[in-house]
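Please put together the full structure from these sequences, using the hints given.
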Amino acid sequence: MPLESNIPPGPVAEKWTRYRSECKLVNPANKRKFKVLVVGTGLAGGAAAATLAELGYQVEAFCYQDSPRRAHSIAAQGGINAAKNYQNDGDSVYRLFYDTIKGGDFRARESNVHRLAETSVQIIDQCVAQGVPFAREYGGLLANRSFGGAQVSRTFYCRGQTGQQLMLGAYQALCRQVGYGKVKVRSRCEMVDLIVVDGRARGIVVRDLVNGKIESHTGDAVLLCTGGYSNAFFLSTNAAGCNVTATYRAHKRGAYFANPCYTQIHPTCIPVSGDHQSKLTLMSESLRNDGRIWVPKKAGETRRSADIPESERDYYLERKYPSYGNLAPRDIASRAAKEVCDEGRGVGSGGRGVYLDFAEAIKRDSRSRIQDKYGNLFDMYENITGENGYEQPMRIYPAPHYTMGGLWVDYNLMSNVPGLFVLGEANFSDHGANRLGASALMQGLADGYFIIPYTLANYFASTKQDRISTDHAECKRLEQETDAQVKKLLSIKGKKTAVEYHREVGRLLWDNCGMARSKESLETAISKIHGLRSEFWENVNVPGTALDLNVGLERAWRVADFMEFGELMARDALARDESCGGHFRVEHQYPDGEAKRDDERFMHVAAWEYQGTKDPVRHIEPLEYEKVKPSVRSYK
Amino acid sequence: MNLTLNVWRQKDRNAAGRMETYKASHISPDMSFLEMLDVVNEDLIKTGKEPIAFDHDCREGICGMCSLMINGMAHGPERATATCQLHMRKFRDGDEITIEPFRARAFPVLRDLVTDRGALDRIVQAGGFVGVNTGGAPDGNEIPIPRERQETAMDAAACIGCGACVAACKNASAMLYVSAKVGHLVNLPQGQPERQQRVRAMVAQHDHEGFGHCTNQYECQAACPKEISVGFIAQLNREYLHSSFGFAEREDSSTGVG
Ligand SMILES: Cc1cc2nc3c(=O)[nH]c(=O)nc-3n(C[C@H](O)[C@H](O)[C@H](O)COP(=O)(O)OP(=O)(O)OC[C@H]3O[C@@H](n4cnc5c(N)ncnc54)[C@H](O)[C@@H]3O)c2cc1C
Ligand code: FES
Numbered sequence: 001m002p003l004e005s006n007i008p009p010g011p012v013a014e015k016w017t018r019y020r021s022e023c024k025l026v027n028p029a030n031k032r033k034f035k036v037l038v039v040g041t042g043l044a045g046g047a048a049a050a051t052l053a054e055l056g057y058q059v060e061a062f063c064y065q066d067s068p069r070r071a072h073s074i075a076a077q078g079g080i081n082a083a084k085n086y087q088n089d090g091d092s093v094y095r096l097f098y099d100t101i102k103g104g105d106f107r108a109r110e111s112n113v114h115r116l117a118e119t120s121v122q123i124i125d126q127c128v129a130q131g132v133p134f135a136r137e138y139g140g141l142l143a144n145r146s147f148g149g150a151q152v153s154r155t156f157y158c159r160g161q162t163g164q165q166l167m168l169g170a171y172q173a174l175c176r177q178v179g180y181g182k183v184k185v186r187s188r189c190e191m192v193d194l195i196v197v198d199g200r201a202r203g204i205v206v207r208d209l210v211n212g213k214i215e216s217h218t219g220d221a222v223l224l225c226t227g228g229y230s231n232a233f234f235l236s237t238n239a240a241g242c243n244v245t246a247t248y249r250a251h252k253r254g255a256y257f258a259n260p261c262y263t264q265i266h267p268t269c270i271p272v273s274g275d276h277q278s279k280l281t282l283m284s285e286s287l288r289n290d291g292r293i294w295v296p297k298k299a300g301e302t303r304r305s306a307d308i309p310e311s312e313r314d315y316y317l318e319r320k321y322p323s324y325g326n327l328a329p330r331d332i333a334s335r336a337a338k339e340v341c342d343e344g345r346g347v348g349s350g351g352r353g354v355y356l357d358f359a360e361a362i363k364r365d366s367r368s369r370i371q372d373k374y375g376n377l378f379d380m381y382e383n384i385t386g387e388n389g390y391e392q393p394m395r396i397y398p399a400p401h402y403t404m405g406g407l408w409v410d411y412n413l414m415s416n417v418p419g420l421f422v423l424g425e426a427n428f429s430d431h432g433a434n435r436l437g438a439s440a441l442m443q444g445l446a447d448g449y450f451i452i453p454y455t456l457a458n459y460f461a462s463t464k465q466d467r468i469s470t471d472h473a474e475c476k477r478l479e480q481e482t483d484a485q486v487k488k489l490l491s492i493k494g495k496k497t498a499v500e501y502h503r504e505v506g507r508l509l510w511d512n513c514g515m516a517r518s519k520e521s522l523e524t525a526i527s528k529i530h531g532l533r534s535e536f537w538e539n540v541n542v543p544g545t546a547l548d549l550n551v552g553l554e555r556a557w558r559v560a561d562f563m564e565f566g567e568l569m570a571r572d573a574l575a576r577d578e579s580c581g582g583h584f585r586v587e588h589q590y591p592d593g594e595a596k597r598d599d600e601r602f603m604h605v606a607a608w609e610y611q612g613t614k615d616p617v618r619h620i621e622p623l624e625y626e627k628v629k630p631s632v633r634s635y636k
Numbered sequence: 001m002n003l004t005l006n007v008w009r010q011k012d013r014n015a016a017g018r019m020e021t022y023k024a025s026h027i028s029p030d031m032s033f034l035e036m037l038d039v040v041n042e043d044l045i046k047t048g049k050e051p052i053a054f055d056h057d058c059r060e061g062i063c064g065m066c067s068l069m070i071n072g073m074a075h076g077p078e079r080a081t082a083t084c085q086l087h088m089r090k091f092r093d094g095d096e097i098t099i100e101p102f103r104a105r106a107f108p109v110l111r112d113l114v115t116d117r118g119a120l121d122r123i124v125q126a127g128g129f130v131g132v133n134t135g136g137a138p139d140g141n142e143i144p145i146p147r148e149r150q151e152t153a154m155d156a157a158a159c160i161g162c163g164a165c166v167a168a169c170k171n172a173s174a175m176l177y178v179s180a181k182v183g184h185l186v187n188l189p190q191g192q193p194e195r196q197q198r199v200r201a202m203v204a205q206h207d208h209e210g211f212g213h214c215t216n217q218y219e220c221q222a223a224c225p226k227e228i229s230v231g232f233i234a235q236l237n238r239e240y241l242h243s244s245f246g247f248a249e250r251e252d253s254s255t256g257v258g
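Those protein sequences? They're chains A and B, same order as listed.
Just so it is clear: in the first sequence, position 360 is 360 by the working numbering, and no numbers are missing.
Just so it is clear: in the second sequence, position 104 is 104 by the working numbering, and no numbers are missing.
Hints are computed from structural coordinates only; laboratory data are not their basis.
For glycine and all other residues, C-beta sits at the position ideal for the given N, C-alpha and C.
No false leads were mixed into what you were given.
So, partial list: chain B residues that the calculated Cβ filter (under 7 Å) puts toward chain A: (1) E35; (2) P51; (3) R59; (4) Q85; (5) L110; (6) D121; (7) T134; (8) N141; (9) M154; (10) G161.
This is the structure in structure tokens:
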């Protein structure tokens with residue numbers, strides 16, 4: 001099947017306006033006849049579910065946590081971008097569009113990114129109207145901060161809890177509709193399969209996480225808003241329950257998985273402290289506004305940071321990227337940290353860390369000003385490491401954080417399976433090979449509040465389909481398949497725990513498909529993960545029963561998918577024989593170590609088709625740049 | 001470190017529960033409390049036993065999913081810290097630790113340490129929002145908001161909805177939770193139009209769910225991982241009183257908590 005991106009005709013800057021005036025609409029009285037299943041209640045899903053219900057559709061929303069408010073969007077700290085130009089510093093829709101395209105290393109779809117930049121301004125207005133308490137100046141107007149990869153100040157924030165406040169805005173809008181009886185929320189409920197009938201997505205199979213029951217839900221469209229897959233690496237900044245299960249199971253039912261190898265390793269996380277570690281904690285990259293990053297010049301340095309004189313410190317980002325300095329984009333900052341640690345200049349136990357130093361900022365602005373800006377981050381750092389970041393430099397190291405890859409979608413946010421829409425981090429479309437800071441919150445909300453209401457109406461108005469009940473043979477078949485899988489997992493009674501398998505696959509991915517990849521490392525990963533997968537199904541131990549709240553079973557289930565998916569990640573990374581953004585192939589670099597793209601061979605999206613036991617098939621969607629001319633991405 | 005844990009185990013909502021004792025050995029002081037429980041669970045699974053079920057997700061103190069009464073204290077002994085942010089360096093080698101679920105009539109136990117806190121969602125559904133639909137919002141800078149006002153709203157909005165305030169209260173009242181949402185919205189101009197019906201609806205739902213009344217014990221504030229101030233309860237009470245008499249306090253005199 002050819003990949004039809006359905007980008008509307010016309011100049012890039014006019015496409016969305018034109019789409020909105022020309023797309024088909026659903027008559028208000030007819031909207032209640034359509035039922036939409038929204039999987040995920042984060043920024044993308046929460047915003048979509050609330051908005052679609054406001055418009056009159058019947059909505060059912062699902063999440064695995066005990067409340068829709070707990071989706072991992074809640075953990076975003078730094079902020080959300082919008083091209084408001086409130087600071088009068090030269091920002092514009094075009095500039096946000098351009099920065100995002102360039103930040104993505106010319107691997108994102110121009111039309112989608114332009115639409116995102118246009119929509120950004122509406123998002124801020126909407127959130128303010130909901131009562132999101134964005135930071136304000138003393139005069140009462142909205143405040144901004146700067147973020148990596150941009151030379152203007154366009155990031156809106158709520159202290160260090162921007163994600164939480166935007167999430168609560170969407171959650172409250174959703175609650176309002178639940179109160180009106182327009183949305184049914186099923187929390188503690190995990191999607192485990194996609195129901196496709198006559199080639200269209202018509203429902204999902206879920207497992208109720210409290211009583212273990214497997215049930216089908218059917219409707220007229222399915223929206224997957226299930227977040228990213230960073231947990232494939234085992235250690236990441238994602239929440240414990242973040243998974244690839246929903247998107248991967250949809251992939252197994254025909255949805256193409258696009259660019260799975262594009263993962264973002266965030267430069268400012270707290271380093272790993274030991275084998276017991278269950279997650280990594282991010283510290284907002286806004287810290288890079290005031291903190292200076294350095295390592296000792298000498299390899300194997302043993303002195304304490306305070307005893308190392310200025311002349312023996314290497315502020316390597318400022319040295320290599322004078323115009324962006326400590327605010328270089330994430331992929332660049334992360335790789336630079338890895339490089340200096342590989343040279344033996346890393347700090348802290350194990351040598352996997354670099355300093356983030358506030359001494360100069362404190363001298364310049366006073367400790368209390370720094371405390372005002374970042375107090376909660378300093379507290380968090382101290383709580384986790386037992387060290388005081390005001391008195392000694394913090395130690396940071398990159399960690400898996402965000403996944404640019406996701407299910408392939410067209411301009412309508414619809415996958416290649418008609419009726420299956422994918423929103424937020426779960427899709428692939430807007431960030432190319434690297435995402436700029438503060439743009440994921442923007443994308444999730446753009447998709448949910450402002451894009452899906454149009455594109456879904458257009459789909460409904462141009463599609464004829466009958467109602468499907470949960471008694472449909474396909475529902476029953478998939479329920480039985482799921483049931484059999486649960487029974488199988490519980491019956492193996494092997495010697496290793498699911499967590500042990502997760503740790504192993506995570507380590508394989510981190511070492512071989514992490515910040516730097518090579519043909520060799522990727523081939524190793526593929527064959528080792530393959531072996532691990534077969535071992536898992538012979539030797540995992542999952543105690544307990546099926547019809548129960550069974551936390552071990554939930555974990556095992558997700559780990560099984562991470563392993564299969566991990567193999568796909570490595571395959572994609574292997575096939576992309578170039579370096580771009582977060583995907584750095586050591587074979588392809590400039591003499592100064594910068595990523596070397598190969599636009600001739602790889603200016604395309606790779607979308608993988610599942611083939612059962614056979615190798616997956618790689619399809620491509622060529623990327624065309626009409627408005628910006630791809631160039632060597634330089635932040636020097 | 002080596003520890004002895006007394007943990008509440010309960011098969012499901014209807015079963016009777018009981019305390020069970022476990023040894024936690026080779027615990028590193030750098031572990032978080034939940035990582036310590038992970039270690040215990042791995043050992044249980046390896047011997048074919050069912051792991052202890054507990055709620056958690058973000059493990060960075062923001063999602064509000066983790067809970068636990070640790071030695072009788074909601075989220076444990078550390079001030080302003082959710083269970084997932086509590087580290088083992090706060091305990092001593094040889095300690096005996098009692099771990100129970102959050103207890104309240106409105107929070108039935110689902111299994112072991114996992115409770116159903118859906119009542120908190122239903123309180124927001126009753127009115128904890130600004131009634132605007134998507135689209136048509138005015139420019140964000142059209143409503144200037146004095147910085148202090150916005151900061152007060154943000155102090156209240158920081159609530160993570162974990163329910164520790166309920167677990168800590170001898171009356172199992174959720175008034176701190178309700179007041180945090182009311183305080184967030186009433187301190188902003190956007191929250192004014194629905195101000196009276198919001199407070200009435202939320203308090204009515206609170207009572208309907210079986211939460212107890214607030215008798216100003218302030219245990220809630222002490223247990224709150226985000227240190228939400230009981231000053232918001234005072235503001236809620238004033239709001240409630242005014243709404244029952246059918247008139248609103250003047251907007252500019254309602255900052256309540258400064
Ligand atoms: C620590 C951290 C900090 C960040 N900071 C920023 C920032 O400052 N600025 C920025 O722009 N971006 C930031 N990001 C990125 C951004 O927060 C996320 O990309 C974005 O919030 C994802 O939103 P979402 O709605 O797509 O998914 P999520 O918020 O992750 O929601 C996923 C939803 O899907 C549900 N779900 C998942 N799997 C299933 C399943 N199998 N069955 C049923 N339901 C399921 C979950 O229950 C949840 O409701 C940060 C990310 C992290 C991890
Ligand atoms: S697990 Fe999210 S707050 Fe503790």
